[in-house]
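Participant: Sequence:
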Amino acid sequence: MINIRNLSIKCGHCDTYQTLCSYRRREDWNVYVYECENDVCDPELSRTLVEVPGELDEFAHRDPTWRHGQRHTGGGHD
-17 MINIRNLSIK CGHCDTYQTL CSYRRREDWN VYVYECENDV CDPELSRTLV
33 EVPGELDEFA HRDPTWRHGQ RHTGGGHD
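For the sequence shown, counting from 1, position 46 maps to 28 in the working numbering; every step adds exactly one.
Because the hints were derived from the structure by calculation, they are not lab data.
We treat Cβ as the ideally placed atom computed from N, Cα and C, and that holds for glycine.
Just to be clear, a hint being listed does not mean it is correct.
Distance windows between CB atoms, simulated [stated by the list, open to error]:
hint	residue 1	residue 2	range
1	ARG44	ASP21	30 to 40 Å
2	THR1	GLU40	14 to 24 Å
3	GLU37	HIS(-5)	27 to 37 Å
4	ARG8	MET(-17)	11 to 21 Å
5	MET(-17)	ASP24	32 to 42 Å
Turn these sequences into a full structure, and let the hints guide you.
Facilitator: Structure representation (structure tokens):
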């Protein structure tokens, strides 16, 4: 199993840790998107995508109420 919460993603440009900002599904994969939270990096250039096989994604199985990043990016709560 892979738990995305146990990973730290660091930007190769500004050398700061990136923040999980969204999630989406792509076929049998869960795709997590990380971005820098500073004025140094352009998200279009420094965004990091982490793809996890759906059957191995512990975070998606344990927190099914996390609706594609809305909980952490200011989106609506259900």
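Participant: Does each hint hold? Answer for all of them.
Facilitator: Outcome of the hint check:
1. ARG44 x ASP21: 30 to 40 Å: holds (34 Å)
2. THR1 x GLU40: 14 to 24 Å: Given a distance of about 20 Å, which is inside 14 to 24 Å, the answer is holds.
3. GLU37 x HIS(-5): 27 to 37 Å: With Cβ atoms ~33 Å apart, the hint holds.
4. ARG8 x MET(-17): 11 to 21 Å: Cβ of ARG8 to Cβ of MET(-17): about 19 Å, so the range 11 to 21 Å holds.
5. MET(-17) x ASP24: 32 to 42 Å: Distance hint for MET(-17), ASP24 holds at roughly 34 Å.
Every hint, counting from the list given before, is met by this structure.
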